[in-house]
Structure formats: structure tokens, C-alpha cells
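Protein chains: 2
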Amino acid sequence: MSDVVRWLRDHRERNLEKLFDFLRIPSISTDPAYRDRIDEAARWMASRLEEAGCTKVEVIPTKGHPLVYGEWMGAPGRPTVLCYGHYDVQPADPLELWQSPPFEPTIRNGKIYARGACDDKGQLVIHPNALEAHLRATGTCPVNVKFIIEGEEEIGSPSLEPFLRAERKRLACDAVVVSDTGMFSKKTPSITTSLRGLTYLEVEVYGTKRDLHSGSFGGAVINPANALAAMIAQLKDRNGKVRVPGFYENVRPLTRAQRRQYAQLPFDEEKFRKSIGAPALWGEKGYTVLERLWARPTLDVNGIWSGYIGEGAKTVIPAVAHAKISMRLVADQDPREIARKVRAYLEEIAPPAVRVKVKTLHGGDAWSADTSHPVYAAASRAVERSFGKAPVFAGEGGSIPIVAAFARRLRAPVVLLGIGLPDDAIHAPNEKLDLGQFHKGSEAAALFLEELGRQG
Amino acid sequence: MSDVVRWLRDHRERNLEKLFDFLRIPSISTDPAYRDRIDEAARWMASRLEEAGCTKVEVIPTKGHPLVYGEWMGAPGRPTVLCYGHYDVQPADPLELWQSPPFEPTIRNGKIYARGACDDKGQLVIHPNALEAHLRATGTCPVNVKFIIEGEEEIGSPSLEPFLRAERKRLACDAVVVSDTGMFSKKTPSITTSLRGLTYLEVEVYGTKRDLHSGSFGGAVINPANALAAMIAQLKDRNGKVRVPGFYENVRPLTRAQRRQYAQLPFDEEKFRKSIGAPALWGEKGYTVLERLWARPTLDVNGIWSGYIGEGAKTVIPAVAHAKISMRLVADQDPREIARKVRAYLEEIAPPAVRVKVKTLHGGDAWSADTSHPVYAAASRAVERSFGKAPVFAGEGGSIPIVAAFARRLRAPVVLLGIGLPDDAIHAPNEKLDLGQFHKGSEAAALFLEELGRQG
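Just so you know, the protein sequences line up as chains S and V, in that order.
For my numbering, add 46 to where a residue sits in the first sequence, where the first one is 1.
For my numbering, add 46 to where a residue sits in the second sequence, where the first one is 1.
Careful: at least some of the hints might be erroneous.
To be verified - Cross-link-like lysine-lysine pairs, in silico, DSS-like; alpha carbons within 27 Å at most: (1) V:K387 <-> S:K360; (2) S:K255 <-> V:K287; (3) V:K109 <-> S:K403; (4) S:K331 <-> V:K255; (5) S:K320 <-> V:K360; (6) V:K360 <-> S:K405; (7) S:K360 <-> V:K233.
Hints are computed from structural coordinates only; laboratory data are not their basis.
All chains, please: the whole structure from these sequences, using the hints.
Encoded structure:
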């Protein structure tokens, strides 16, 4: 066992206590009432980076919540790793569903229960833990380490993207490491190597200038709700393919190796079906469930509303119908181009007796790792040494737009060294982080620095 | 001028004052807070019938609001006319949009503004006015007259239908007259000779047991909102035809005479389009606007909702999607049979990965008059003599289910002697009744009794 790992094992209680202090700060970014606690969390983070050995630490004000920057650059000529994470958390409501208070971290059955335990405080701190272990155990660190920690991840990272653009030099690095994802399962450690992108639209279909009585007018005017339904029906075919012209144009095809690798994962489709209570699974023809979730784009109605939606019967022809429609994208689809194509298609298929408005609410690039890059070998070895089993490469159906931004702006490979588990209930009551994952995660983060240093 | 008409002209002020007393009672049937005012309106109606000369008047309790029955049977051997109307009104909100208080009738520009002015108090009272005029001016009436007035029309007439079934003998008559509809326009007096029926369904489409994250699950599970949209899209084709098998089976075709008659009406499709602010008119191919509204069945989504319908973007796959869908029917479609057919069709076209539930909320028969019956000649002459112009026969796209029930239960022709105008704003703020329509309407009702007497 290396001195670094030994140091971490000797300081497990102390590192856990530090995490608990962090978790007690209700740094809810979306609620202005918590602005002081956001600042408190940023200050906590800065002092943790100083304590861990960073020689330069800065709390950087933004238009929104502050960024925290830190660096230890004591290994000139060696590679530099940039660690990213976020100190803000989701709101805790509904409070009555928590078994212990969300901001009073509590250990039950080997798990830390608290808002932010998994997303992202408990994952984020493994990196200062790792740097500190190197510096205390050996007096140095095999690579240079930078930190950039934000307080706005849960509200869309509005300040980080401009900062990435403006401060490319300060953030320059050879690899970015992010711990804000999960592993396939406790028995199957994994590294996430792809994220889907997103285009989120709101569609409005207008008919007459006001709601009309369906008796007095029914049959003589277009009904925007019927029209919108017909338009949505034309977005996807019976085989689950999106019918928007050019939608699949830039989709990077699944390689044979990927398909083989996904197929070898211990994934039980029937268990999956039961866990979500679906009468049957359904998706794009010719792909497995994991392929559909990780490597294929898709389209979903996220919300639809029009006319009378209360109790009982109201005989109305609505004047307008609304839908929120989003597309999950894969590399190398461009969210802006997809938004344009979908808008053009919706306008083309709209009946002539309605007016259509399409607004883009939100977008984000998909991301896919080049796993042949040596940082992936380093990360794999680090996980294997700490978790006792070589990790598999897995995909993730959700989106973390900032990951693609890091890769693009800094021209560096990104490694998603996530230690969450599928049942960690992020964004939900009783969010948790497995204690074993936390301690092994700190070791993996330290060993990742060691493995990178060996390569450098 | 007949003595009867002269009597009515001499008593215009007095009859208007009586109507105002009636309009001042806020007899809102849907709101339990107004239960006392409902009873007050029933008692007012009963005393008005007594005053008009009915020899037998009864307030009949029901499980809901009372019925008011009255009769003058002083013309043995002569025909009997049954007058129907309702003393209940719609709620008045939004109150702030009224120019004068809804229950303080006010005359502006020759119009009576009040809740119930047109629907139905101001129309209903022309019949006691007519009977009274005959009895006071001539000492007798050329036909027997019965009244059945309900207080639950605005809440679906739950007590009247059972009463019609149980009291067929008491209500026996040679014709039913109802003043609860409108005329084509002030310049074009009309008699409504058809009403559409209604089948109103609520459709629920279930996918998974709870809402899912659209990133983590999108592409691998059916989306009930997409599924519902696809199902709705299959309900109607591009030519506006309903695609439910057997939907048109019992539709009584438009006759050449009807089409000719509709075509001669002073109806301007472009003016109609502008009045409702539609980008274009749209409906079943091969039919004019009036044919689509009056003589063809149709299908409309009255409400649809699923998923996230607030501000901004939420990435959710809804667990369930809902729609309220109604069909306007024409003679001789059966609302129950149509409900069965639509349900079966929806279940057939539903994707296998969802469960579908269809509830029938509401239904009512269509009705179409046999205008060759002599009561129509009598009604036409009465309208021509009072309004100065022979009425046209017009249809009505809306539904008054009780009309078909009268025709069926009492086996008597029904005449819709409505005096409303298209802009009377029933169910809306600033409901009104044109003063001229009110006075001419009272005369028409009296002359209708005279004309019927001539036939008898």
C-alpha cells in the first residue's frame, strides 16, 4: 500500500467530518434566500483548498454566485490536472419525505444521507482529499493540480461558460477530471465515457383569437390542440425514429466494439422494465436498451397543455396549444442546428389554418470521450487499484453541458471519475452517498494523480 | 292589430318591470350558496304563472332544484301547448368585466343587460306574457297551455329527464315550445330546426408508474404524451373526416333542399373568419361552413395535459397523459354507440407499451325537426306577423339535450322559438337581450297560440 493511500485510510474519520461540515451548509443556488449560505459554501471550499495545500486560492465574484479557484503548481514540467465540481445543491423539498434532516448529514447502513451527499459535495471533495494526501504523505505531488469549483451548476452554469472563454490560460491543463456522475453499480465500477446533449423547445400553435364554444363553432375552424397532436405524431415514426429531415445526419454511429462492450454489461432489461413500472419497453428499432439510452438520440414531449384541464366537461375549442419538446442528442449533433431543423419541419407540417411559434429554451452539446487517450488508461488503473476491479466504460443518457464546454474550450480530455450509485436519489429526498464509494473514491482520485504522473 | 297584440303593446313597461324583478334574483344553479335564491326564483315563477291566469300551479320538489308546473286548460277539445324554459342562470364571474352589475338589470342602447337576460329568463317569460295577453284581452285562449320550468338547465337537467319519464301524462301535449335559442340575425328572423348532439370523453394514457428523467430514460420507454398525440392524430384525417370506424353510419344526409336553403342565407364566410380571428377556415371537405356547423358531426380536443406545464424547461417523461375529447353529433347518431366506437378505436390504435382508459363524461342526443309538421307553419306565421318578415329555418351547432328528450318522451313536435341574437354574450359578462326582440318575442308567442288555435 502506498504512503498516500495509507494517509487517506488513517484520515478517513477526519475527512468525513470535513465533508459533514460542508454538507451542513444549505447552499441552494436557485433560491435567493440562501445567498449568504452560498457565500459561506464558497468560503468553506476556498479554505479547504488552502488546507489541502493549494498555494494560490481565490474566490472569484461573478454576476451570479462566486467561483472558487485553487492551484498547486509545485511540479514544473509535469502534467497539470484541472478538477471541476460544484458546491451548490438542489432545494430539499419535499422536506416531509426526508428520514433525517437534509442539512444534518446522518450515517445509516453505511450511507451518508444529506442533500448534496452525492451531487456534488461528497464527490467534489475527493480531489482536495487526494492532493492533500500526496502533499502530506510525500511532501509533493506527481502532477500539478488546479481546481475550478462553481456555485451555479444546478441553475445551468451561467457564469462558468464565459469564465472558461475568458480564462483559458489560467485553466490550461492536460486533463480535466470531474466527479459528478455515477458508476454502473457497486459491483461494476465504471467510468462514464459519453453524455447526451440537449435541445429543448417550446412550441405554440395558435388558431382563433379566443377560445370558442365547441358546439357553435366545432367543425368550421381548426382546433390547435388537434393540430399540435398531429404535428407531434409526425415527429417520430412507428419504429421510434425521429422523422425530422437531417436529424441523424451527424450522429456518430455505434462501433462494433461499443455494442459488444454494452452487451457484456450485467444489464437485465426485464428488471429495468419492472423497476420503472412500464407495461412494455419501447424504443428505436434495431437497438438495445443501453444503446438507445447512451448512444442514440431521441425526442420526447416533456409537457403539453391546451384548453380545459379541470374536472368535468367544458365544451371549448382552445385558441392555443402548447408543448415542451426536447431532443437528447449524441456526438456529433449540434444542438443549434437540430433546433433549426425541428423548427423548420414543424413549420412545414403545420396545417395552413394555424400559426406556429417555436422557441428554444435550452441546449447543450453531447460529449463522447476518446477512450484511446492515455488519461483513460491512468483513470482505469486508478479505479482498479482502489475499487479492486477494472472499470467498464459506460454511457450516460443525461446531459452535463459543461463537460463538452471544458473539452472544447480547453482542448483537453475530460475524465468523468464519478462515484455515485444508481439509487443515490440525487435531486430527490433522502439523497445519499455510499461510505465505501466515498473512501475508495478519495483513493482513486489520489491514485489517478499518481498514474498520470507516471505517464508524464 | 289584434286585441291581444294591443294588450301586449299597452303593457310593455309593466312586463319589462316584471322581467327586471325576475332578473334581480341571482338564481345560480351550480353554486350551493345560492340555494335560497333558486327557491326564490321558483316561487317568483309560480306566482307569475298564477298571475298570468294558470288555474293550477305547483312548485315540485326534486332531488335538486324545484320544477315549476302550471296549466291553463280552459279550451277543452283544443290543442295543448307545453312551454319549457329554465329559471336558473350561469355564475356571473368574472364580475369586473361587467359594465353594470349582473343582477341589477340595466337598459343601454335598447338592450337589457343582466345575467339571464337572454339565457333564459328574458326568453322564458314571453310565454306567460302571451297567455296573459289572451286571457286579459279576450277572456280566453285559443289553445290549452302548460308550463314546465326547471332550475337545473345550466347543470345538465338531472331532475327533468326522470320527471319527463314519470309524468308523461301530466305533460301530454300537441306541441312543445322552447325559447332558449337565437335568431340568425336581427334582420333575418329564424327558427332553429336542428341541434347537434354530444359525446364527451376523457382519455388517459399511462406509461411508467412515475415520471422519469428524460435524459436517463429517454429513448428506452414509451412517452404517453407522444402516444396520446399519435392517437389523437389518427382520429381525424387531412380532409376533416373522423376516422373512427362506423362514425358516419347513422348520419342523416343533408337534403338538396337543406343545402339550397343554407346557401341562400346571408352568411359571409370571410366576415365569419375575421370575427373569430382565424388565420383560415378549415373543416370537412365538401361542405360549406353552415353545413359543417349545423348538419355534420365533428370531433374536437377540448383539453389536453401531460408532464411539465410551468415556466421554463423540465426534462421529464410524463407517466400519464390526459385529453378531453368531444364529438358533436347529428341525427340519427347515438351518443352511447359513438362513445363505444371511439373507445374501441382508441384502444385499437394505442401503442402496446401504454395502457388506455376512456371515460364517458357526458352525452346528449342530436335533434332535427320535421319542418313539414303544421306547427312549423303556425310558428312561421307568428314570427312573420310579429317580426315583419318570414323566418328562415336555421340549424344550431350546439346541443340542448333536453329538446330531443321532449320529442322522444312526449312524442310531440318541438318548436324552438328563440329570440336571442348572436352577440347576446350568454354565459359571458354583459349578457344582454335586445328590447325589440323581447317585445316582438312576446307578441310572437301570443300569435303562435292564435295560429295553433286556428289549425286546431
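These are the hints, each one checked on the structure:
1. V:K387 <-> S:K360: The hint holds at about 22 Å.
2. S:K255 <-> V:K287: 24 Å, holds
3. V:K109 <-> S:K403: Status violated; Cα separation ~50 Å.
4. S:K331 <-> V:K255: 23 Å, holds
5. S:K320 <-> V:K360: 24 Å, holds
6. V:K360 <-> S:K405: This hinted pair holds, its Cα atoms lying about 15 Å apart.
7. S:K360 <-> V:K233: 32 Å, violated
In this structure, the hints that do not hold are numbers 3 and 7, in rising order.
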